[in-house]
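Student: Each chain, written out:
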Amino acid sequence: MHSDAAEVKKTIRTYLMVGAALFVGTVITVAANQIHFAVPLAITAALVIASIKGSMVAAVFMHLSHEKRWIYGSLVLTVVFFIVLMMLPVLTTADHIGTPIHAPSALSGAEGGHEGH
Amino acid sequence: MEIPYIVDARPDTGLHNCKLGIWLFLASEVMLFGALFSTYIILRTGAVEWPFGELNVWLGMANTFILIGSSVTMVMAWASLKLNDFGKHRLYLIGTFVLAGIFLVNKYFEYADHVTRGELPSHSTFLAVYYTMTGLHGLHIVGGMVVMAYLLGPGAKMWKTRPDQFSNRIEATGLYWHFVDLVWIFLFPVLYLL
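Protein chains in written order, with the working numbering: chain A, 1 to 117; chain B, 1 to 194.
Derived from the structure by calculation, the hints contain no laboratory data.
Ideal Cβ positions, reconstructed from N, Cα and C, are used throughout, including at glycine.
One or more of the hints may lead you astray.
Said to hold, decoys possible - Output of the computed footprint for chain B on chain A, the stretches with three or more beta carbons under 8 angstroms from beta carbons of chain B:
id, stretch
1, 5 to 15
2, 42 to 54
3, 71 to 83
4, 86 to 96
Whole structure, please, built from the sequences with the hints as guidance.
Tutor: Structure representation (structure tokens):
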């Protein structure tokens, strides 16, 4: 961490520049939204800009650009579980448990079996 | 009993426990908000139609500026302590606290406008998602304000007796506050623009 006063003074300039860049990023996001792109393009643009802004906050304000490996280790684990969490919607749509199977042969066989009882 | 490694770094991790602790807490927060974002994706992709333009983009943009500004003042509060300038530190921390308050006031007006138009969480899936996500984020803002109020009030005495520990507390508060800003950076486009 920056314990040296001279180094802290140098990073203050970086903090202010990143703050200004975040303001500009927000203006670009809203301006892009006013243009009314196609939905997929609008979503991509907004999320890409948000990711860049988020990375700047994490790297500079939260000092992740120069942290200890224990912090990186815990964050890598978090990212892995976060990706699994984000994949849950995909797993949900791929989940067929409890969904009726519409194979014609299977249906006719099952119906025939029920008639017998 | 003295709690070990709250100022000095542990030899094995190279970190003081306060910092490792706040990062582990933030990791759990990532999963909390991640669950809500994941739920949003499920609900949105499964919806026949999704409202667009329901929220006031300009108010949301103003709140984004306010939170980014508060992140800058927060990191400056920590940097001022590292430069041994307690007066400036207090000014920046008060600035962060005030900006957080302005964010909540804006949010109040936004909620009030929806409520007067009968747009409650039960009105639509979109509004249920909106109130849940922004409400939880708002609670985090309130939590941060409580901590800042303590560090501006009774907690500030520690600067005279144990300045390094106080500095670590400000750093941990800052990490939390930047995370709250980070969440809003994603909430704003997801709820207001898309």
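Student: Does each hint hold? Answer for all of them.
Tutor: Now the hints, each set against the structure:
no.: 1; hint: 5 to 15; result: holds (count 6)
no.: 2; hint: 42 to 54; result: holds (count 8)
no.: 3; hint: 71 to 83; result: holds (count 7)
no.: 4; hint: 86 to 96; result: holds (count 5)
No hint from the list above goes unmet by this structure.
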